[in-house]
Structures are given as structure tokens and as C-alpha cells.
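Just so you know, the protein sequences line up as chains A, B, C and D, in that order. Counting in the numbering used here, the first sequence runs from 2 upward without gaps. Counting in the numbering used here, the second sequence runs from 2 upward without gaps. Counting in the numbering used here, the third sequence runs from 2 upward without gaps. Counting in the numbering used here, the fourth sequence runs from 2 upward without gaps.
This list has only true hints and no planted wrong ones.
You can't tell identical chains apart in this list, so a pair holds if it fits in one copy or across any two.
No more than 20 Å apart at the CA atoms, straight line, and that leaves these computed lysine to any residue pairs for SDA-like:
#, residue 1, residue 2
1, K359, P334
2, K125, P92
3, K327, P294
4, K316, R59
5, K316, H326
6, K62, P408
7, K359, R329
8, K316, T64
Just so you know, these hints were derived from the structure itself, not from any lab. Values in this document were obtained by computation on a predicted structure and should not be read as measured data.
Number of protein chains: 4
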Amino acid sequence: MSPSSSGSARKIAPATGKLGVLTVGLGAVSSTLIAGVELAKRGMAAPIGSLAQMGTIRLGKRTENRSPLIKDFVPLARLEDIEWGAWDPFPDDAYVAAQRAGVLEGPRHIEAISDTLRAIRPMKAAFDREYVKNINADNTIGTISKRAMLNAIREDIHRFRDEKKVDRMVMIWCASTEKFIEPGPAHRDLASFEKAIDANDPTIAPSMLYAYAAILEGIPFANGAPNLAVDTPVLRDLATQKGVAISGKDFKTGQTMVKTVIAPMLKARMLGLSGWYSTNILGNRDGEVLDDPENFKTKEESKLGVLEHILQPEKYPELYGNVFHKVRINYYPPRGDNKEGWDNIDIFGWLGYPMQIKVDFLCRDSILAAPDLVLFSDLAQRAGLGGIQEWLSFYYKSPQVAEGLYPEHDLFIQLTKLKNTLRWMMGEEQITHLGREYYDEV
Amino acid sequence: MSPSSSGSARKIAPATGKLGVLTVGLGAVSSTLIAGVELAKRGMAAPIGSLAQMGTIRLGKRTENRSPLIKDFVPLARLEDIEWGAWDPFPDDAYVAAQRAGVLEGPRHIEAISDTLRAIRPMKAAFDREYVKNINADNTIGTISKRAMLNAIREDIHRFRDEKKVDRMVMIWCASTEKFIEPGPAHRDLASFEKAIDANDPTIAPSMLYAYAAILEGIPFANGAPNLAVDTPVLRDLATQKGVAISGKDFKTGQTMVKTVIAPMLKARMLGLSGWYSTNILGNRDGEVLDDPENFKTKEESKLGVLEHILQPEKYPELYGNVFHKVRINYYPPRGDNKEGWDNIDIFGWLGYPMQIKVDFLCRDSILAAPDLVLFSDLAQRAGLGGIQEWLSFYYKSPQVAEGLYPEHDLFIQLTKLKNTLRWMMGEEQITHLGREYYDEV
Amino acid sequence: MSPSSSGSARKIAPATGKLGVLTVGLGAVSSTLIAGVELAKRGMAAPIGSLAQMGTIRLGKRTENRSPLIKDFVPLARLEDIEWGAWDPFPDDAYVAAQRAGVLEGPRHIEAISDTLRAIRPMKAAFDREYVKNINADNTIGTISKRAMLNAIREDIHRFRDEKKVDRMVMIWCASTEKFIEPGPAHRDLASFEKAIDANDPTIAPSMLYAYAAILEGIPFANGAPNLAVDTPVLRDLATQKGVAISGKDFKTGQTMVKTVIAPMLKARMLGLSGWYSTNILGNRDGEVLDDPENFKTKEESKLGVLEHILQPEKYPELYGNVFHKVRINYYPPRGDNKEGWDNIDIFGWLGYPMQIKVDFLCRDSILAAPDLVLFSDLAQRAGLGGIQEWLSFYYKSPQVAEGLYPEHDLFIQLTKLKNTLRWMMGEEQITHLGREYYDEV
Amino acid sequence: MSPSSSGSARKIAPATGKLGVLTVGLGAVSSTLIAGVELAKRGMAAPIGSLAQMGTIRLGKRTENRSPLIKDFVPLARLEDIEWGAWDPFPDDAYVAAQRAGVLEGPRHIEAISDTLRAIRPMKAAFDREYVKNINADNTIGTISKRAMLNAIREDIHRFRDEKKVDRMVMIWCASTEKFIEPGPAHRDLASFEKAIDANDPTIAPSMLYAYAAILEGIPFANGAPNLAVDTPVLRDLATQKGVAISGKDFKTGQTMVKTVIAPMLKARMLGLSGWYSTNILGNRDGEVLDDPENFKTKEESKLGVLEHILQPEKYPELYGNVFHKVRINYYPPRGDNKEGWDNIDIFGWLGYPMQIKVDFLCRDSILAAPDLVLFSDLAQRAGLGGIQEWLSFYYKSPQVAEGLYPEHDLFIQLTKLKNTLRWMMGEEQITHLGREYYDEV
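Isolated chain A (complex conformation):
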């Protein structure tokens, strides 16, 4: 054992056999993820944007020069072992979905793996237009009872497991943002939840049925959208109890990712903030769905929460007690999947003098396409860490945390948490950046 190891490593089951990845939604995000992983498997592209695949982790002192790749340090599943399954209300296979999404260059990144993509055909979705008005599609199991939907999802899972002969699974929500729902009585405990399902209670959204099915089947669940899904007391408790890894809501990409580094910068330097105006233009199906005010509200809540938690206005009323924060999303078809976020940030410094920062991000949703949550959720599960994985906060606009805790939104605190968790899993010393040893007198 390395001289700087401080503790004993956690026992982690090996990543043997195949890992089934079930995506809810087979649109731009999923097809980009799938194509990228398949290209990476064949050595035709580097998995850029994947901390799990390309990132290194420093171990020990700076002078030890120990920085292995994360994937060589912790026992992750190999990309080669991934098998894909998907649900979608549109019947397009992954090949057609990728073509329509317009994210990838056809000849280089779609045609090259066309057979694989064509073979991924979506199962009929447990979809209800009541929750996503702007989508009109019919590869669905119809408007049957919520109980029947739940059962259908579970049967799909069983069939997928048997057909693909997978050893373990992860479910990942890559579908639309549902209309806004607040946690209510139906989400309190298992009895109420079960009763609400039977009563076709409108506060039971499809995303909750998918999440519930996943937990019942012992499958880690990662939620790419701001829908409640697994983020209710009942499912949090159930996941903990059953040892199923869950982690958060709404993948943190473009604008919010930048927000979670600029806001910590302001706070680090104790610069005040008077206003933050964020606007987005995007022209893909996401933009179309979010053009509906009910669905936008769900997204808005997720996007707005970030600043308050980072800036802690209750601790710094002079600096952050009066922040005007506004987030806008506009459906703007000319740019397709290439969204753009523009932020204007009004800050103040020494003696209150105002300054302004403007950030224009010509982004792509593809940056979130990395398979990290799949790989890390599977790792957590094998390491016996059920329930909430706060160390995966790094990937979410709305991370889940233990009751009574505030979430950490600062991207760098999240990264520290992630890496120190990996070190802890493997029995390596925590990094604190204190570094007195380089200076202390003999």
C-alpha cells in the first residue's frame, strides 16, 4: 500500500458481465450519448467531456507525481460492456433519431456505426400528453391507468434483461421536462404513493413511475430533467432502504454550469451581486417543450435555485441580500440543437462600485452526453452505497442531499467531493490542499 494511504479501501464488487443502460427518451441527448460511446468503443473518437473516462486523480503529495486515470483507479464498468435499451413516444430508431437531431455529422459519426444505431429501437413509452403538451406522438402504451403503466415498464425491464443477458442495469431519464408538480401528500410514504397510483392521481407523473420501477427492480436511476421523478420522500426512502443509487435532477450543462463557477468566484472574492439575467435560445424539441409555460416553470425552478444556495444571502446580506435573478428560455428554431445562452451579471466591488460581466455561450447539448452518471451510479451500487449519492452533485442542477443538509452547487466543491469520495473508496488519503509539509521547518 502506498505510503500516503490513510485508511482501508471499501469493498467493491467487480464489474463483471454486461451493463444494461436504459434511457427514457431516444432523442438528441440519448442518440448522441449512444453514438459517442459506440464510437469510443471502436476507437473512432475520444470520450471528450467524460471525467470518468479521461480524467485523472491526484493521489498523495504533489511531489509524488501519482495521478492515474480515474478509470484505472476505480473499478468502473468498461464501455465495451454496455448494452442499450430505450423508450420513446416516437418510433424512430437511434439512427433516425440521430439524423433528425442534427447534432452529429452524418458521414463521420452516424453512418460509421449505422448498423448498431438502427438496431436500437425504442420500446413504447409510458407517456401522457397531460404532462408534456407540445409533444404529439404515438409510440406509446396509450392512456391506460398509472398502475398499468408501472407494470408495463417493469415488464419491459424484465424483457430487456433477459434478451440482452445483462448483469446489471442503470436507468437514465433523457426525455422531456414535464409540467410543474410540487411534492405533495401522494409522495410522502409508500402507502400514499401506492394509493395515488391506483387512484390515477395527477401528481403522479410518468417520470415517477419510471423511477419507482427502477428502484423496485434494484436499478440506479439518474434524472436528466428537472421533473420530480425520484426526488420525493417516498422514493428517497425506498432507494435508501433497497440500496439503490439515486443522485439528483437536471443535468448541469451550458449556462448553469457557467453559473456555478462564476457565482463561487464572486463569493470567493466577496464581490457583491445586484442582478443576474440569463436568457437562452434553442431550437430543438427541448426548446419546443419549454415554450409551454407549465413546463418552463419546472425548468425555471431548477435553474433559479442554484444562485441562492451558492451565495448564501442569509450570511451575506450586504452582498447578496438583494439579488434580482431572472432566467428566460426562448424557442428559436434557426439554430436547432445549438443552443446559446447569454448572461448579464451586475456585480459590485470595493466601495460598492458597479461592474458588469457578460457571458455568451454558444453551446451544444452534446457536452452532457458523457456516460459518467451511468458508470458512477453503477460503481456506487457495487460499492454498497445505496440511496443518495451526494458525491455525484457535480453533474446536476439540483443535486439530492440528505435531509437537513443544504445542497452544494459550487462546481469545485462538487468536484472535490467527487474526487475525495473516490479516494475514500479506494483507501487513499483525502486531499485538503493544506500542503504544510512543503514548507514546514525540520
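Since chain A is already given, all that's left is putting chains B, C and D on it; use the hints.
Structure of chains B, C and D alone, referenced to chain A:
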């Protein structure tokens, strides 16, 4: 002692008596700093932008809710105890300097403390136009020998100490960027350095004489410009030997501050970088000095180094092996002291698809006006921590580090280092953000 | 007569006596206008932004070097002869209004003329909250019948004329945007209009009553907001019949001004346009009023029309047949009166390749504060040009034009029209920029 | 004849036979131009960006609805009749050049016409590295005497004419910016010029030899770069005398095009200007050449002149008497041919209050690829209009004008000039935008 304290606190001498602050240069930065501190003393303004004055520090677990103000946690000098001294080649007192700088609103922030400002008159500067061509001024001790300059500086220090009856001092370089000089034979050891002074060696710049004088007098030295000053083997060794706190070069403000949070964001997410173009327009004396290519070179080196250290191209050749990084500064009088930095950042994500981030920062130099380096350098000295203070990297474009170490440029690693150092000084537990205790099974 | 004069000058009554300027609204715009004119009168500020005051006009050939100031070329009223009157639902005088607006620097631009400003007290407004929900104020004549409102406005005009002993008047709407109303049966002819007034028809807005009163009293009317006001068949006809000058709706400032030069540039070069997204943040009372969707709709229509008329999609379907144009206004208090407009423009060039232009305008409403419409409307009236003044299109987002004509929105066509109209008035030759005379063979 | 025609049309020789287009340089610009024209010939792409091909021209009153396409109004050469010839110091044919330039999408816009492109092979260039240091290439006629260069160019022209059997020709400079040369004694008259050629005078640059050869052969010459070329007294006079059409220097595209609409906007509204900072990043060969200070100077002069002529500081000293104008070009390889221009514009309005406009233009050189100058220069020649074509100012950063005249840089004055010239050629009435006829009383 708190239950979460992990070790014993360091012994720190109390901050009794007056603290003399000697600024080299009495221009926009110093006059803004002085005015701000004087206004804060009188309760007429909050010390916004000062981590030392307004920041809090979390102690123990998140659930303990212990987050005192830093200034209540560690024994800093009080602003009330600060006495000012300054050198400048222009004879303007702090009142006139503040007026000319055009940074502060006259009636509210200058007139209100005019008597104090008028009383701060610059001592004659040890100035040599050979090192700063675009400045033509005559409140200097003339072009005498370098040895005579050194002696004059030391005499000024003695006179200041006696007149103001200060207990301790800190020297802070707020003057111009000197022309580019690389560390050479003259800076290797004390013998060569002394010999070079006697020989009027051109590689001995005035900033080195000020730094040398400070160390000989046992005074911590902080360097706001990218000049070598204290950053040579001879002075690093001497400072360590004499127990004098030194820390880095070139205050990190506007554009570079943003760079040191955006670059870590890219790396955190393993997003590639192909190019980064940074341009600045500023119209103050700084801009005028940097319009000279020899002086700009000094600044450029300081600004360019940042990215390489953060991104570690040697570890991530696919992502950062081919970065085109360009930094430009343009003298642009219409905006005066209100500089603007514009950055274009070309990145790439999943499968190599390009994205762009543009940052426009309408900044002011005043954001760096905080007295933190004065207060923390004095603290370090009283805590018996001589030599390089790597924990103050947070404030510099070019932090100093122990030989054999790479500098940390990531703003958030720097902040962690700073805060964990304060915790260590006071015998509090290190924060690692691991946080297993909130989740672990009983 | 000049050798290059081509026709006989129009007969224009001289600008004798005083010119009364009645502003509907005494808020940010009016108080800035008034203060600026009063400061200019006293030689304390240049009337920057006023074509009428500072602009020159080229006469004859380029080689003749005849470019007098416009105010020396046509017989405009002198600023010295202006007398102010105003209505406002808030009781603040012009001094208080200017203070609250936060546009002007107090000591230099308000205190210096405080007596004059204090003496301008608003008459009670003919205000109806039904049309502007977000304003709650009580310096009004109450919710009396529309007929009584009309009469009250006319009586105010009479009283103002008699008290101030003005020779001529101009009325200018500087008040809020009213809720959206489409021209309907009530606005067709005088009989219907009169009947609708008596019936308190909700499609008769206060702005129409002010406009009607102005025309009945023979006073030119200029409309700074997008409200219908004078832009209905009945009032257009009446103005023509009575020889009263009217001109358009909604002053063209910040973002739309830029739009009317960028769009003509695209068209001049035959560059295609696929999308134009415009967003605004502003924090003054205007922003507050426009936060209400009904009022925003009025503004939106005015802002959207511009592109279509300039680009003529029916003529250029390949270039402009499929433009996605979106305009957003967001109430954003941190910036007060200093609004900011951000535009993203997606264009395409040779072979259809896409390009992008982004414009960020840190603007102030003060740029529209110029008295040009007052001076030119008065001139038109004295020149016997009643009815629609298409040559004043230059100042409006929605210029008025003769029936059967499309409006010209291109700022440069508008400027040519304005200047050639002045040349025509004075019997000078039209400028065509043909300029063959400089090249033609003898 | 139309009722609104005001004069008799000019006699224009018909566009019979083939039109040879000789490009000096076969790089990004020329290959894009050639490919675009060839695709347009085949109906595979619309000639977007070409006023000559896609623009319409209004004739008569607005109510007449007469707006033919320009190409149907004036007798232009047909694209089908164009034959290509080129010189370049690199031996790549147009196919290879287009591939290397990276402007066009290979499969759709290069492969589709690969045979035609491959057949266009560059003649050896009359190239001298003394004038363009950063290019190292050898498809040249060597460093022979200037006289021999001139003769070689003329022989190439003869050979091209005979081989391609062209009826008329146009020469267009699409090659690099040469180092800065000021017009001097050698450029005064034919005798001095001839003598300087014989003496290999360094102020005789290759671009001048090409221009001289063109004029001697009776071929219109259009200059895409800021090199003097034809813009000297001797060649201006010779062109006039020989009836050869010449027009200006340096194609006006991206940033300068925007400048020539924003600056006129400011002047139209009498808004003051205190500073204009323009920076560019581009990564093609152009960027590489301009990285050399001597070549950049040539470009800089061309870019700087624009503002002064538009704003006329001598007429408006309060508004434009103190403008700080700075233009920067940076070689930035990551973006290739896709250049980006960022402008910061500091303006002031009513009472001198400052405002800012920022323009970010993600541009492509392809927008200048239109064949308009070829077609219009040929038209001018056939219409018997020799010498300077001021009506083509529209296309240039530095238009040529008759002695004693100032150039017009305002894009909209330039467009008016162009269109009124076309109307004049065809005997149609000038458009003045006066439009009194729509309003005048009977």
C-alpha cells in the same frame, strides 16, 4: 475546544500596536485602497471585495452551523490600527492622486476624508526610467547608484517607523510594471546579488531593491505587479532564512480571475480547449505603461502562464496539447480606469464538437483594492510562518511556491488552501467535502 | 439664389413669439428633455443627439463646400422661445421627476436649473388605469366620462396658452405604453368616433383623447409610445383636413434604431436572414409597465413590424422568406433607466453559409431626449404641410404614411427623405448621389 | 418608355461572347468565388450575397410597383459566359485550394464540381517575397526584373485570351496584402513610372505591375486588398485616358461593413463618439500575412480611414473631434477561415451621457465572394465609362474618387449612388425619397 477540532492551534503573536502599510506607488490602486480602508474605518462604506473583512469560514460539519467571520476567527490586525506611508515618482498626495485617478466619486468618497488623504504625501521614489519608459516624473531620488537607492529606501523605512510609531509593517508594490527581466546570475545568491548592486547591474530593477530592503528590515512584501522583485532565488532564500512573509507577483483581478475559474471548469468537465484569445482595453497610467512592448512582455508572461498550469497539457494532450493562447492589452484612453476585458474561448466537447464561450468583463481595478494581503501577510509573520506563503496564491496571477512544486492557479484550489490553512492555524479540522458522515449506515 | 437651386422655396411663416411644448407625461423622458433644453438655452450643455440643432445639410455639389447647420438653413423655432407644460398622474414637479428618474447627475444637470424645473408642475392627467395596470397614481382628473376627459384636456390647453402667452404649441406623448388596441369601427370616421366617446367605448384610450384634443386645437402631435393615439383613420383624416402635422408612433431609439441600420445593411448586400432574437433589460417605470403582457403586446407589435418592411420577404423569399423574429423585454431593476439590449442575428451569405452578429447596446433613454420632433413639427405646420409628415419617419418605430404606401423603416432612406424635404422646402436641389458631373467627359 | 423616365438611356454595348475573369491569387477567396459561380451556373446554389444577381431596383414611384431584378434591368454578362484564369505562388489547382481553405463543405460544394475546379490551374505568379514576408512559395516566375515581370503578366493575358477565346476580360486582385508603401515620385506620371520599373525601384510592388498590365491591355481592374496597385496618380490617369474601369481598394466585408453602417447611424442621430476599438481574430493565410507588422500597416491604414471620412470631425468637433480609434488583427489559427470581429464603441448622447455598443461578428470571408465587381466593372466598360467608377464605392474599404473629392464611406450613400447610377444608365428617373407627390394637395 470544539468537538470537531483535530489538532492544536498554532501560536500567534497578538496584533498589538499600529501596523504601518508602505505602498510603493501612490496612484489609482493605492489611493483607492487607502480611501476604502479609511472610509471603512469610519463606518462610511463596507469593505466589499475583502475576504479578510467580510468572508466567513465554515468550521466542522455542515450541520453544526459554525461559520464565523474570518476576522473573528483569526487574530488579524484591525483596520483602525493601520498607518499609511508611500513612495511615488509624482509628488501628488493621496487626495490629488485619487482625484486624478478618476476611480472614486469625489463628493462621497474623496471629500469626506480629504484631510486624511491630503496628509499622505509620497516620499521620493527610487525610480529609474530605464525600467518604465512611458513615465516621466521627478519626485525621485534621482539616478544615483543602486546601492544609494537601497540605502535611501531603508532610511525612509526607518524614518516612517519612528515618526508614525508603528509596531509592525507590510510593504506592498502598487507601482508600474517594469520592463521584462529574466532571473539570471545576479539573482542566484547573496554574494552575487550584493556584487551586482555595487556594479549597477541592469538586471537589478528598482522593485528588487524595495523587496530587498523590506526583507532586510523584516517586513513582509506583497507584489502587485509582474516584476520579478522578490521572486528570485536569492530573495526567496533570504526571506525564508529571516522569517519574512512573501507570497507572489501580480494581483489577480478582472480577466485573469475569470480565466482561473473558467479553465478549471473546462478541466473539471474534461472539455477540450483549442484557443483562448484575451484582449483588454484600458486607459489609465497602467495602460500607458503597458503600451510599451518591453513592459507588456513582463505582463504577458504573467498572464500566459496561468492556463498551462491549470490545464496540464502534459497529462491531457488530446484536450490541451494544442492550445493557442493569446493575450493583448491595448491602451484606450476613452474609458479611463474602467478597463474592459473580452475573451473568446474555443472549446470542444463530446466527439470533438466545437463550442464557444465569450466573456466581456466591464471591470474596475478597484476590485483588487482590498487590504487582504496586508492583513494576511502580517498574520503569517506573527504566526511564525516565514518565507513563501503559498496559501496566499489566491491573490496572485503568479503565486510563489516551494522549489520543485508547480503553482496552483485554480481559484478554488487556492481558496481551499487558504481556508484550510486558517483552520490549521487555529487547530480546527480540515474540510475535505467528503461528508460520508451524513450518509453512512450506523 | 444659389446656382444649384432647382426650384422655388416654399413659403414658411416665421417662427415669431413663444412655442408652447405640452408633454403628456412628466417622467424620465420628459424631464431629461426639459433639463437638456434648459441647459442648452443657458449654454451649459451642447444639444447632443439633436439633428435639428447640431446637424448640417449638404447643399449643391460636393465641391461647393456648402454645408450649413440645419438650424441656420430652415427657420426653426429657437430653443429660447420654448415654454413647457405637462400632464402626469404623479404630482411630482420636473425637479422631483428628474431626481427620481436617476438619469441625470444631480449637481451638474439638475441643481443648476432647479428653479426652472421646480416651476414645471404637472396638470392633472386624463388617466385611466384600465389601460396601464402597473401604474397606481392619483394626480388625475378621476374616472370621469371620456367626453369629460376630452373637455378637460382642451381646457388645460386653453389655460396653458393664455397663462404662458404662447404663439404656437406642439403636443408630445412621453407617457406609458397603453394596453393593446386594434383599430376598429370606433376609429373609422368622425361620427363613429364622437359616438364612441359618448358611449365610453373601451377602444377609446386616453392617448386618443389627447391626440383628438390636439388636432381640434390645431396643435401638431408627436407620439413617443406605440399606442394608437393619432394613428387611426379618423384622426389621420381630421389632421389632414385641419392642416395639423402628425407623424408616427413610438420613438426609435436603442435596439430598434440599430435594427434599422443592420437590416438595411443585410439587404444592401443581399445577405440572408434566418433569425433575429432581441432581448432587453430595463428597470425604470417603462420596464415595469411593459412587464404586463397586455402592454407589452402593444410594444411588441411596434418592434416586430420593422424587419418585415425593410426586408421585403415577398420580393426576396430565398433570403427573407423564413425569418424567425422574436423580441423580449424584461423588467430588471438593478440597472434603473440604463437599459441594455442584446441581439443575436443569424444570417447567411455566399452559398448559404451561416454567420452570426451579436450586438450588445448599453443604452440610455436619454438619447431620444432631443427636441427635434417638436421643432420639425412646428416647422411643418408653419410651412403649410398639414397631415402626415412622412419625412419625420426617421424618428419613429412606426412612421405614419399615406394610405396605400408602405412605410420606410431603413434609417438611411428616412434620413435622405428628411434632408431632401428640407432642401425642397428651401428651393434647393435634391441630392441623388449620382455625381456624374465629377467624371463626365467635356 | 415608362412615364417616370426622366432622360435618355446611355448606349451600352451588349454582353456578347465570353467574359474572362483573371484572379490574382487562387486561395480561399478566389476558390470560394469560383465554386459559388460554378454552382450557381448549374442551379445548385443561389448566388446569395450578390446584389448584381439577386438584388432588385425600384423604378418610379412607390405606388408603381416596378422593382425588376438588377440583372434583368441592366445588360450584365451572364454567369454562364464566365471563363476563369488565375495566378498564384502556390501550385494548387482550384480544387486543392478550396479543400485547403476549409471554407466550403467538401461533398456538397467541392466534389460536385470537382472536374471544373481541377481544370483551373494557376499560372506562375509575378511574386516577390520582399512584399509579403510570411509566404514562402515557388510557383513563381522567379526574382527577375520588374520589367520582365510586367512582360510575363501581359504574355499570360494574351495566352489566356487566345486559349479561352474570351471576348472581354476583368482582372481582380484576391491575393495577399503587400507591405506598406506610400505613393511617391515613382507613381506621379508615366515617364517616372516606366523609369522606376526599369530601375527595379522598391516602391513598384507586384500589385502595381498587375494593375499596369491590365490597363495596358484594356482590362478593368478590381483590387480586393489594400495595396496601392491601381490607386496612384499615374495609373488613375492612364485608366481614364484609355477608358478602362477601375474602382477602389480592399473589399469591404465583415467588420468594416458594419462600421460603415454604425458610424452613419451615429452621425445621422448626432450621437458623439469618444472611442472605437476593433479587434479581429482569424486563422487563415490572410491572418498569417497580416501578422507581419509591415503588412498589417497597409491594412490598418485602410481600416482606419473609414471613420474619419464618415464622421467629418472638422464639421462636428464637439461630437467627433476627439475619437480614439484602434484596429487590431490577430492571427488565431483555431478558427481557420471563420474570422471573428469584436468592436467596442463608446458613444455619448443627450447632455454627454456615455453609452456603449459592442458588436461581435462571427463572419466568413465567403460573404465577399460575390461576382458583382466583375459584372459591374464589365458593364461600366461596355457603357463607355472609363476611369474611376465611384458608383462601385459600395464594395470597398477605400473607394477611389475623382481628384478633389472626398470618398463616400457611408454604405447607404454608396448604395444610393450605385442604384441611381444604374437608373441613370438606363434613362430612369433618379430616386430622391422626397415623395411629395403622395401628399401634395390637388
